[in-house]
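Trainee: Spelled out from the first residue to the last, the chains are:
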Amino acid sequence: MDDIAAWFRWLHQTSGIKLTIFYDSYDRSRFLEGFATTLKLSAYCLILSLLLGAFTAWLCGSKIAAVRRAANGFVQLFRNTPPLVQLYFFYFALGPLLPKVGGMPLLGSLGWAVISLTLLEAAFAAEIFRAGIEAVPRAMIEAAESLGYSRAQVFRLVVLPLALRVTMPAMTNNLVNLVKTTTLAYAIAVPELLYMSAQIWSEQVNVPEMMVVLLISYVAIVGIINQVMQWLEARLRVPGFGQ
Amino acid sequence: MSDAGLDAPIVPIVRIVDVHKSFGAVEVLRGISLAVNRGEAVCVIGPSGSGKSTLLRCINGLIPVDRGEVFVGAHAVHKLRADQEMIALRKDVSIVFQQYNLFPHKTALENIMMAPIQVLKQSKEEVEARAHELLKKVRLAGKENSYPGELSGGQQQRVAIARALAMRPSVMLFDEVTAALDPETRKEVLVTIRQLVEEGMTSILVTHEMAFAREIAHNVYFTDHGVIVEEGTPAQLFGSPQKERTRAFLEQVL
Ligand SMILES: Nc1ncnc2c1ncn2[C@@H]1O[C@H](COP(=O)(O)OP(=O)(O)O)[C@@H](O)[C@H]1O
Ligand SMILES: [Mg+2]
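Top line first, the protein sequences correspond to chains A and B. Quick note: the first sequence, position 219, residue 219 per this note's numbering, numbers continuous. Quick note: the second sequence, position 186, residue 186 per this note's numbering, numbers continuous.
For the record, the hints were derived by calculation from the structure and aren't laboratory data. Any given hint might turn out to be false.
Claimed, not checked - Mimicking DSS-like on lysine-lysine, the simulated pairs with C-alpha atoms at most 30 angstroms apart in a straight line are:
1) A:Lys63 <-> B:Lys79
2) B:Lys91 <-> A:Lys63
3) B:Lys187 <-> B:Lys143
4) A:Lys40 <-> A:Lys100
5) B:Lys136 <-> B:Lys79
6) B:Lys106 <-> A:Lys63
7) B:Lys136 <-> B:Lys121
8) B:Lys121 <-> A:Lys63
9) B:Lys187 <-> B:Lys137
10) B:Lys79 <-> B:Lys106
11) B:Lys143 <-> B:Lys124
12) B:Lys106 <-> B:Lys143
Turn these sequences into a full structure, and let the hints guide you.
Mentor: Here's what the structure looks like:
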């Protein structure tokens with residue numbers, strides 16, 4: 001650790017390349033906090049949006065027209081409005097309406113970012129799931145129904161597992177998009193990677209260096225997601241189905 | 001299942017009365033009546049498109065009838081509305097499809113175990129022991145952990161039969177279960193079904209296997225264009241068909 005710090009300090013002195021996050025402990029902790037927040041935000045949104053997306057896709061197939069319309073409306077609304085406007089809407093329009101607890105807002109900017117991005121990604125996930133669900137052969141559903149499965153069991157035990165396999169590639173894209181979209185939380189001062197980096201570069205005046213660091217950071221996160229999804233896809237692959 | 005005393009009155013376990021069903025403007029079933037006694041096997045034959053699959057699907061409630069009555073044991077299928085009633089019916093009636101329709105993401109054993117665990121709420125140990133037994137019965141011991149994609153058509157179909165049997169149904173429906181198979185594997189499946197019928201499993205079989213129908217059926221129904229043209233024992237229907245349409249059909253397929 002000390003060697004690395006020393007090397008980057010030397011790099012700055014000899015070449016002017018200023019990567020304070022490697023030798024300034026304050027900058028380093030800010031950067032790591034940003035990194036952790038981005039991961040946390042991504043993870044929350046990922047899990048919640050998959051659950052909500054699957055649920056929405058299920059509602060889209062409801063027997064009740066009003067439920068179907070509501071689910072479709074939700075998907076269309078979030079797909080067809082700018083994500084930044086959505087985020088501002090939640091934070092600035094809905095945020096002040098929430099009651100305060102002991103003078104503190106009930107939900108901080110991170111909380112609102114989780115909600116806003118979850119809804120956005122859930123709308124995309126719902127579309128992907130819906131395509132996956134449509135790809136499940138009708139005969140498979142009939143087989144499950146004729147074995148006495150309830151509607152919910154047919155969905156949970158047959159349709160969803162099969163749809164999931166069909167949707168893996170599209171879902172990977174969606175997750176990558178999610179990680180990229182977390183940078184929007186910058187706009188409402190969520191201390192995520194971009195926000196913290198901006199604080200560092202405005203004090204240290206090392207914009208180009210921090211930009212490179214940022215890009216590499218996101219490449220790393222997205223790379224890991226791709227790896228994990230590839231592994232998962234291989235794990236879930238069953239002989240004679242899909243691909 | 002068929003251990004009623006000799007003197008017990010024979011009450012049909014499946015009774016279909018004047019069933020009509022249309023898809024859009026096309027009337028596919030135009031007044032079908034049929035009865036199957038407990039422990040009997042009934043074969044339904046007829047040209048494709050005559051409504052045989054639709055008829056079977058009306059019996060286990062996959063398709064609602066427009067008019068007429070369908071009784072299976074104590075279930076009045078034509079009146080069932082609530083999901084729970086439908087599920088109760090399907091615990092009593094199992095169906096095997098032409099295209100097997102096994103769940104591709106589950107192994108042979110899991111395919112058999114799922115419904116008894118999830119629907120009948122039986123214990124896993126009990127279900128697993130029975131699933132092994134059933135696989136043995138359809139002569140697929142050793143294939144427990146194979147996925148459907150790793151099995152031949154005939155093997156998949158026998159897993160599908162075992163899956164249906166695992167529900168301990170009172171009635172089995174078979175919808176052209178050998179139509180998608182090549183001649184050799186066809187035989188494996190027919191042997192399995194014959195054994196079931198001999199054990200007294202009440203069965204309704206839609207089939208193109210005339211020799212098989214002749215051999216195992218108590219009754220044969222010939223359908224065409226949504227009506228039953230002629231019915232009788234295999235000897236009557238195959239030996240001396242009364243209707244011209246039946247004769248023409250049999251000439252064509254035999
Ligand atoms: N779900 C459906 N919607 C519309 N038409 C259908 C449907 N199912 C079957 N049919 C039509 O009903 C007729 C009878 O079909 P089917 O019962 O499958 O006949 P079979 O099994 O005797 O070949 C066919 O003309 C078929 O196209
Ligand atoms: Mg058919």
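Trainee: Does each hint fit the structure? Answer for all of them.
Mentor: Now for the hints, and whether the structure bears them out:
Between Lys63 (chain A) and Lys79 (chain B), the direct Cα distance comes to roughly 19 angstroms. Compliance with the 30 angstroms bound is thereby established for this hinted pair. A hinted pair counts as satisfied when its Cα atoms are at most 30 angstroms apart, and Lys91 (chain B) with Lys63 (chain A) qualifies at roughly 24 angstroms. Restraint check for Lys187 (chain B) and Lys143 (chain B): satisfied, since their Cα atoms lie roughly 19 angstroms apart, inside the 30 angstroms limit. Among the hinted pairs, Lys40 (chain A) with Lys100 (chain A) is consistent with the structure: their alpha-carbon atoms are about 24 angstroms apart, no more than 30 angstroms.
Distance restraint check for Lys136 (chain B) and Lys79 (chain B): the Cα-Cα separation of roughly 38 angstroms exceeds the 30 angstroms cut-off, and the hinted pair is therefore not satisfied. Among the hinted pairs, Lys106 (chain B) with Lys63 (chain A) is consistent with the structure: their alpha-carbon atoms are about 28 angstroms apart, no more than 30 angstroms. Annotation: proposed proximity of Lys136 (chain B) to Lys121 (chain B) holds, straight-line Cα distance about 23 angstroms (limit 30 angstroms). As the CA atoms of Lys121 (chain B) and Lys63 (chain A) are separated by approximately 27 angstroms, the hinted pair is consistent with the 30 angstroms bound.
In summary, the hint linking Lys187 (chain B) to Lys137 (chain B) is supported, as the alpha carbons are separated by about 15 angstroms, within the 30 angstroms threshold. The straight-line distance between the Cα atoms of Lys79 (chain B) and Lys106 (chain B) is roughly 34 angstroms, outside the 30 angstroms bound, and the hint therefore fails. At most 30 angstroms may separate the alpha-carbon atoms for a hinted pair to count; Lys143 (chain B) and Lys124 (chain B) meet this at roughly 19 angstroms. Between Lys106 (chain B) and Lys143 (chain B), the direct Cα distance comes to roughly 12 angstroms. Compliance with the 30 angstroms bound is thereby established for this hinted pair.
Taken one by one, the earlier hints fail for this structure at numbers 5, 10, listed in ascending order.
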